[in-house]
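First to last, the protein sequences are chains X and Y.
Residue numbers for the first sequence follow my numbering, beginning at 1 and rising by one.
Residue numbers for the second sequence follow my numbering, beginning at 1 and rising by one.
Just so you know, these hints were derived from the structure itself, not from any lab.
Take the hints with a grain of salt, since some may be wrong.
Said to hold, decoys possible - Computed cross-link-like contacts, SDA-like style, restricted to lysine to any residue with a CA-CA straight-line distance of at most 20 angstroms:
(1) Y/42 / X/73
(2) X/42 / Y/23
(3) X/125 / Y/146
(4) X/125 / X/56
(5) X/42 / Y/152
(6) Y/42 / X/146
Said to hold, decoys possible - Label pairs and their in silico Cβ distance ranges:
(7) Y/17 / X/19: 12 to 22 angstroms
(8) Y/50 / X/154: 17 to 27 angstroms
(9) X/9 / Y/158: 19 to 29 angstroms
(10) X/19 / Y/135: 53 to 63 angstroms
(11) Y/10 / X/156: 36 to 46 angstroms
(12) Y/50 / X/56: 35 to 45 angstroms
(13) X/54 / Y/123: 35 to 45 angstroms
(14) Y/11 / X/13: 39 to 49 angstroms
(15) Y/38 / X/9: 45 to 55 angstroms
(16) Y/54 / X/11: 23 to 33 angstroms
For glycine and all other residues, C-beta sits at the position ideal for the given N, C-alpha and C.
Chain by chain, the residues:
There are 2 protein chains.
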Amino acid sequence: MPEFKPPRPGEQRIDLPTRADAGLHFIGRIRSAYPTPADCPKNTLERTEQATIEVDPPYDQGLAGIEGFSHLIALYWLDRSRRDLIVQHPSHRPEPAGVFSLRSPVRPNPIGLAVVEILSREGNKIHIRAIDCADGTPLLDLKPYLASSDSVADARRP
Amino acid sequence: MPEFKPPRPGEQRIDLPTRADAGLHFIGRIRSAYPTPADCPKNTLERTEQATIEVDPPYDQGLAGIEGFSHLIALYWLDRSRRDLIVQHPSHRPEPAGVFSLRSPVRPNPIGLAVVEILSREGNKIHIRAIDCADGTPLLDLKPYLASSDSVADARRP
Numbered sequence: 001m002p003e004f005k006p007p008r009p010g011e012q013r014i015d016l017p018t019r020a021d022a023g024l025h026f027i028g029r030i031r032s033a034y035p036t037p038a039d040c041p042k043n044t045l046e047r048t049e050q051a052t053i054e055v056d057p058p059y060d061q062g063l064a065g066i067e068g069f070s071h072l073i074a075l076y077w078l079d080r081s082r083r084d085l086i087v088q089h090p091s092h093r094p095e096p097a098g099v100f101s102l103r104s105p106v107r108p109n110p111i112g113l114a115v116v117e118i119l120s121r122e123g124n125k126i127h128i129r130a131i132d133c134a135d136g137t138p139l140l141d142l143k144p145y146l147a148s149s150d151s152v153a154d155a156r157r158p
Numbered sequence: 001m002p003e004f005k006p007p008r009p010g011e012q013r014i015d016l017p018t019r020a021d022a023g024l025h026f027i028g029r030i031r032s033a034y035p036t037p038a039d040c041p042k043n044t045l046e047r048t049e050q051a052t053i054e055v056d057p058p059y060d061q062g063l064a065g066i067e068g069f070s071h072l073i074a075l076y077w078l079d080r081s082r083r084d085l086i087v088q089h090p091s092h093r094p095e096p097a098g099v100f101s102l103r104s105p106v107r108p109n110p111i112g113l114a115v116v117e118i119l120s121r122e123g124n125k126i127h128i129r130a131i132d133c134a135d136g137t138p139l140l141d142l143k144p145y146l147a148s149s150d151s152v153a154d155a156r157r158p
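Isolated chain X, as found in the complex (with noise of 0.2 angstroms):
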């Protein structure tokens, strides 16, 4: 495990349990522009920089038929990311804030979520408009966007 920074004044940490409840199976990899977490953009709204979603044997049977699809739900485990910070203390914000209300890679379960605009598929790589994740980072999962329960237009934020 890398070292990690004393949680900042506010900031609050939890001991985590030992043993896990249940594991995961890493299915591919995530190619970006970003070679480590800290080169990450914050968010990808403005961001021009492609990526590949890259789908490893025997996963990539599971494919066909996204053609349709023009969005997807990714998910992938934000390997490089410390999962004790319960209560974070983020520099573009005036106070501490729940993890839960935060879309921090610093979660007790460090999935990461992202909604990616598919280019083009070749074979088992998906060619993206953006994501905001490090290279290398696993991939766990793919769903197709569907715009009747995943687009919330009017949800509110603070």
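Keeping the supplied structure of chain X fixed, place chain Y upon it in accordance with the hints.
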């Protein structure tokens, strides 16, 4: 492990690795009106059965600040799902399809995802409008829904 039915014609199964690449911690449970996965609705758009997300201590400290959001993204572990069907033939589809073009609970990493509307919060319990999973489903993560990056109202599907 429960016994699973044999694949239907056109379905494809794979052997999953025996060893996990990463481990998850269950951080709470989802309380719903559906006792088993067989009772769960295919989608919740027209459903009115309320549900509750219970976040266990010490993870509940991470809820600070969620009040300002109208919607959350819930990630949960579909612990009663098989993981080995990479091509599936759901009864409502004319042809078999790859798992990554389906929102089936059967996936190599059976992580369920729902965009949920917050009705109220009562300590470590969040009452929500509806969700599609069975009572007792383990919770993995909650993320604030951000319309700017999560809402794609004109996303296309086949």
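Hints and how they fare:
Pair hint residue 42 of chain Y plus residue 73 of chain X holds up; C-alpha atoms about 18 angstroms apart against a cutoff of 20 angstroms. For a cut-off of 20 angstroms, the pair hint linking residue 42 of chain X to residue 23 of chain Y is broken: about 26 angstroms separates their Cα positions. Taken as a hint, the residue 125 of chain X and residue 146 of chain Y pair is broken in the structure, with Cα atoms around 28 angstroms apart against an allowance of 20 angstroms. With a C-alpha separation of about 9 angstroms, the suggested pair residue 125 of chain X and residue 56 of chain X falls inside the 20 angstroms cut-off, and the hint holds.
Restraint check for residue 42 of chain X and residue 152 of chain Y: satisfied, since their Cα atoms lie roughly 19 angstroms apart, inside the 20 angstroms limit. Straight-line distance between C-alpha atoms of residue 42 of chain Y and residue 146 of chain X comes to about 13 angstroms, which keeps the hinted pair within the 20 angstroms bound. For residue 17 of chain Y and residue 19 of chain X, the Cβ-Cβ distance of about 19 angstroms falls inside the hinted range of 12 to 22 angstroms, so the restraint holds. The hinted window of 17 to 27 angstroms between residue 50 of chain Y and residue 154 of chain X holds, with their beta carbons roughly 21 angstroms apart.
Between residue 9 of chain X and residue 158 of chain Y, the C-beta spacing of about 52 angstroms breaks the proposed range 19 to 29 angstroms. In this structure the hint that residue 19 of chain X and residue 135 of chain Y lie 53 to 63 angstroms apart at CB is violated, the actual value being about 24 angstroms. Evaluation of the 36 to 46 angstroms hint for residue 10 of chain Y and residue 156 of chain X yields a pass: the beta carbon distance comes to about 44 angstroms. Under the hint 35 to 45 angstroms, the C-beta atoms of residue 50 of chain Y and residue 56 of chain X, about 40 angstroms apart, fit the expected range.
For residue 54 of chain X and residue 123 of chain Y, the hinted distance range of 35 to 45 angstroms is satisfied, since their beta carbons lie about 43 angstroms from each other. Roughly 45 angstroms separates the CB atoms of residue 11 of chain Y and residue 13 of chain X, a value that falls within the hinted 39 to 49 angstroms. Taking 45 to 55 angstroms as the suggested C-beta distance range, the pair residue 38 of chain Y and residue 9 of chain X conforms, at roughly 50 angstroms. At roughly 24 angstroms, the beta-carbon separation of residue 54 of chain Y and residue 11 of chain X lies within the given 23 to 33 angstroms, and the hint holds.
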